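Protein chains: 2
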Amino acid sequence: MVMGGGRESGGMAAQAGKLGVVASVAINLAALAVYLRRRYSGDDVAGGRKREEEGEELAVAPSSGKPPVTPDSVINLDHGDPTMYEQFWRGDAGERATIVIPGWQTMSYFSDVGNICWFLEAGFEREVRRLHRLVGNAVAEGYHVLVGTGSTQLFQAALYALSPPGAAAAGAPMSVVSPVPYYSSYPAVTDFLKSGLYRWAGDARTFDGETYIELVCSPNNPDGGVREAVLKSGTGVAVHDLAYYWPQYTPITEAAAHDVMLFTASKCTGHAGTRLGWALVKDRVVAQRMNKFIELNTIGVSKDSQLRAAKILKAISDGYDHAPAVGDRTRLFHFARRKMMARWGALRAAVASSGIFSLPDELPGYCTFAKETVAAYPPFAWLRCEKEEVYDLEGYLRECKIVSRGGAKFGADGRVVRISMLDTDEAFAIFVDRIAAMK
Amino acid sequence: MVMGGGRESGGMAAQAGKLGVVASVAINLAALAVYLRRRYSGDDVAGGRKREEEGEELAVAPSSGKPPVTPDSVINLDHGDPTMYEQFWRGDAGERATIVIPGWQTMSYFSDVGNICWFLEAGFEREVRRLHRLVGNAVAEGYHVLVGTGSTQLFQAALYALSPPGAAAAGAPMSVVSPVPYYSSYPAVTDFLKSGLYRWAGDARTFDGETYIELVCSPNNPDGGVREAVLKSGTGVAVHDLAYYWPQYTPITEAAAHDVMLFTASKCTGHAGTRLGWALVKDRVVAQRMNKFIELNTIGVSKDSQLRAAKILKAISDGYDHAPAVGDRTRLFHFARRKMMARWGALRAAVASSGIFSLPDELPGYCTFAKETVAAYPPFAWLRCEKEEVYDLEGYLRECKIVSRGGAKFGADGRVVRISMLDTDEAFAIFVDRIAAMK
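Just so you know, the sequences run in chain order E and U. Just so you know, we're using UniProt numbering here: the first sequence kicks off at 1 and counts up by one. Just so you know, we're using UniProt numbering here: the second sequence kicks off at 1 and counts up by one.
The set of hints was computed from the structure by calculation and includes no laboratory data. All figures in this text were calculated on a predicted structure; none of them were measured in a lab. Heads up, some of the hints might be wrong.
Since the list gives no way to pick out one identical chain from another, each pair is judged satisfied if it fits inside one copy or across any two copies.
Derived SDA-like pairs (lysine to any residue); straight-line CA-CA distance at most 20 Å [as the list claims (entries may be wrong)]:
{"no.": "1", "residue 1": "401", "residue 2": "114"}
{"no.": "2", "residue 1": "401", "residue 2": "202"}
{"no.": "3", "residue 1": "371", "residue 2": "228"}
{"no.": "4", "residue 1": "371", "residue 2": "321"}
{"no.": "5", "residue 1": "387", "residue 2": "188"}
{"no.": "6", "residue 1": "439", "residue 2": "91"}
{"no.": "7", "residue 1": "194", "residue 2": "232"}
{"no.": "8", "residue 1": "194", "residue 2": "169"}
With these hints in hand, go ahead and build the complete structure from the sequences.
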């Protein structure tokens with residue numbers, strides 16, 4: 001946008017705006033009309049039917065994300081917009097995740113005045129703990145649960161909580177580091193307010209200091225690598241971003257039990273628009289300070305989102321507890337794993353067919369949730385071009401109407417890009433076809 | 001909490017936590033059980049009935065705000081928790097504001113890729129513009145509408161947008177000022193991250209400089225005064241916080257048309273837990289930069305909250321458009337105005353009966369919405385103690401189990417406090433009784 005936030009050059013709106021303009025010109029308008037009628041008239045889905053039966057006016061129609069694609073469209077895989085999951089929630093599980101909120105409900109700022117996180121809905125906390133018990137990906141017992149407006153807000157809350165309050169006065173902001181390739185938002189979000197409390201200090205592997213916050217993203221965004229903290233100083237602290245530590249993306253090898261662990265509904269259930277994340281925090285004082293950040297930043301977190309997320313997490317756990325043998329239609333992680341496996345298979349075939357690209361190796365492991373050895377299917381493809389003359393793969397792909405995120409934004413080189421594997425079936429299929437055709 | 005944010009000494013959790021502990025001890029447990037059963041069993045309200053009929057499990061029960069009060073309770077009027085409005089939404093209007101969100105809906109990050117505010121739900125924007133046309137309190141035509149996680153986030157977005165990007169590098173953060181008494185959160189929220197872009201510079205009336213952001217809150221929190229910018233330098237800019245410029249609190253005297261205007265559902269409709277605010281912004285570049293802040297801070301705003309707020313605003317406008325003569329049960333501003341008038345009447349009578357307090361004078365004016373001359377009924381009482389020996393009114397009231405916010409937090413003296421006028425009928429009645437008895 002107008003003001004670059006750190007190293008992010010584009011911004012979601014600018015990128016998506018371009019897509020919108022191109023798509024709206026390129027699209028077959030008749031097909032769009034049919035698509036929109038199907039989306040909004042409610043003649044093919046449970047939620048829509050219910051609304052029609054109740055005779056409710058549709059004046060407050062919800063949005064439906066990015067415009068639909070055609071074979072000529074620009075395909076925007078820059079962001080990890082998890083629209084792949086919509087298919088699951090339109091099925092049997094979706095009906096159970098429907099939420100009804102009466103006009104008088106949860107009007108107060110407060111949810112539980114006795115909780116450190118006084119704006120945390122008890123039902124949401126309960127379902128978070130239940131889901132971690134079911135999946136076994138993190139220890140929740142003995143941890144404080146905090147809720148945030150996406151894990152992005154909780155990430156900032158952790159920086160605030162773990163930086164010494166006197167850092168600004170001393171002119172010594174806390175150094176924030178992560179090993180290359182790191183999630184492109186880390187530097188942008190750390191530095192956009194030029195805080196005196198903390199500042200981005202780059203690659204953890206080349207960091208030379210004793211005091212720091214290391215961001216450990218595992219499996220890693222962008223390259224899917226399984227990670228542990230690389231720095232081990234006694235005065236440094238780690239924040240574990242476990243947004244992708246779910247069975248559809250990676251084998252669950254142990255219940256993580258780090259000091260600060262961040263999760264988000266976006267990448268677990270696919271509900272990015274709900275903007276809901278949670279943190280598991282071991283230390284009470286750190287939890288209090290993180291909560292203070294959210295209190296000052298947004299005076300709490302949408303209760304509507306919390307209630308909805310609670311229903312969604314409940315539907316996931318119920319899908320396993322109540323109907324374990326019914327198949328993928330009620331089992332989210334099985335549904336998503338099958339999708340990811342198919343997509344990675346298609347992408348690897350396209351890369352082989354093309355001959356000019358390479359991908360990270362498949363990493364198999366024993367998954368305690370699936371109770372078998374499975375491969376990892378990361379949410380992003382870290383795609384490298386082996387052609388000597390291609391220095392700027394992001395630009396090269398853009399010529400083929402594929403929008404990706406270039407390696408430089410992750411601290412890496414320009415011959416590599418990050419590609420979202422979580423978009424719609426239609427967009428993903430066109431992307432794969434184009435990759436296969438590139439020689 | 002642990003880490004004081006600027007001048008705020010307590011923090012919501014600490015204050016409310018104290019209340020919770022005391023209340024949970026003091027309360028009659030049998031009464032609480034009845035209260036909770038009535039709240040959660042759904043046998044007295046439309047939303048509850050619907051859920052029961054559908055046979056939905058109630059495992060994800062919503063919270064109900066602060067604990068109910070008894071005559072012995074600590075009465076916490078520190079925050080403007082607008083639970084007064086719940087009564088309205090439990091009535092006829094509430095049924096029309098009920099929202100149903102199917103599991104598959106609004107999963108994407110994006111709402112409209114062609115909009116500057118690409119995460120803004122079109123239905124919410126439409127209802128915002130419609131409500132301003134109905135009330136006539138602000139010009140929306142020709143303005144960009146932005147959505148935020150409460151107006152608190154939009155306030156920070158405005159600071160970010162209106163501070164020069166090079167301010168930090170130049171070591172010259174933008175000065176943020178407001179005339180005493182100013183909203184206590186302004187200094188806390190401005191300074192908690194020690195941003196190099198902007199910093200709190202105190203009372204606008206004593207500010208000596210050419211470049212600044214002046215926060216103009218009108219009607220003013222805490223004292224209800226009608227305000228205009230006090231600084232007029234050519235290089236300064238104003239942000240108008242119009243959270244309380246609604247007909248229940250003050251006569252609507254003109255349609256405001258300032259460069260940046262902030263509003264929030266919390267104080268207009270009473271839905272604080274929904275955490276939804278909006279901004280009307282004249283300049284495109286400022287709107288883009290404000291949007292960039294929200295993009296970096298929380299990657300957009302809960303779509304569930306936006307959809308719900310759209311339904312709520314629609315119910316308000318429909319209440320006037322479709323049934324203008326039915327009375328207060330469907331007309332929010334009339335309902336709330338009647339409540340505020342009764343509460344201010346009760347408080348002024350109690351103050352007269354006590355003899356040791358004073359309140360700001362009533363300010364009448366012609367209201368273009370009500371089409372008559374009406375008095376102002378501010379959302380907070382700015383209560384002063386005239387007793388010579390009371391230097392710390394906040395502490396003095398606390399001895400009578402009344403939690404208020406002391407004048408020092410607003411840049412004023414300790415003989416004055418801010419009291420919320422928006423709490424439940426029960427809490428307000430006990431508060432008034434205690435004030436009347438203080439001699």
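Hints and how they fare:
1. Proximity of residue 401 to residue 114 under the C-alpha cut-off of 20 Å is restricted to the inter-copy arrangement: shortest distance 18 Å between copies versus 53 Å within a copy.
2. For the homomeric pair residue 401 and residue 202, neither the shortest alpha-carbon distance inside one copy (31 Å) nor that between copies (52 Å) is at most 20 Å.
3. For a Cα distance limit of 20 Å, the shortest separation of residue 371 from residue 228 qualifies neither inside one copy, at 23 Å, nor across copies, at 67 Å.
4. Proximity of residue 371 and residue 321 under a CA criterion of 20 Å is satisfied intra-copy only: 16 Å inside one chain copy versus 60 Å between copies.
5. Taking CA atoms no more than 20 Å apart as the test, residue 387 paired with residue 188 passes in neither setting, with 30 Å inside one copy and 54 Å between copies.
6. In this assembly of identical chains, the alpha carbons of residue 439 and residue 91 never lie at most 20 Å apart, being 39 Å within a copy and 66 Å across copies at closest.
7. Neither within a single protomer nor between protomers do residue 194 and residue 232 lie at most 20 Å apart by alpha-carbon distance, with minima of 27 Å and 28 Å respectively.
8. Taking identical chains as interchangeable, the C-alpha atoms of residue 194 and residue 169 lie at most 20 Å apart whether they share a chain (14 Å) or sit on different chains (9 Å).
The structure shown violates the earlier hints numbered 2, 3, 5, 6 and 7.
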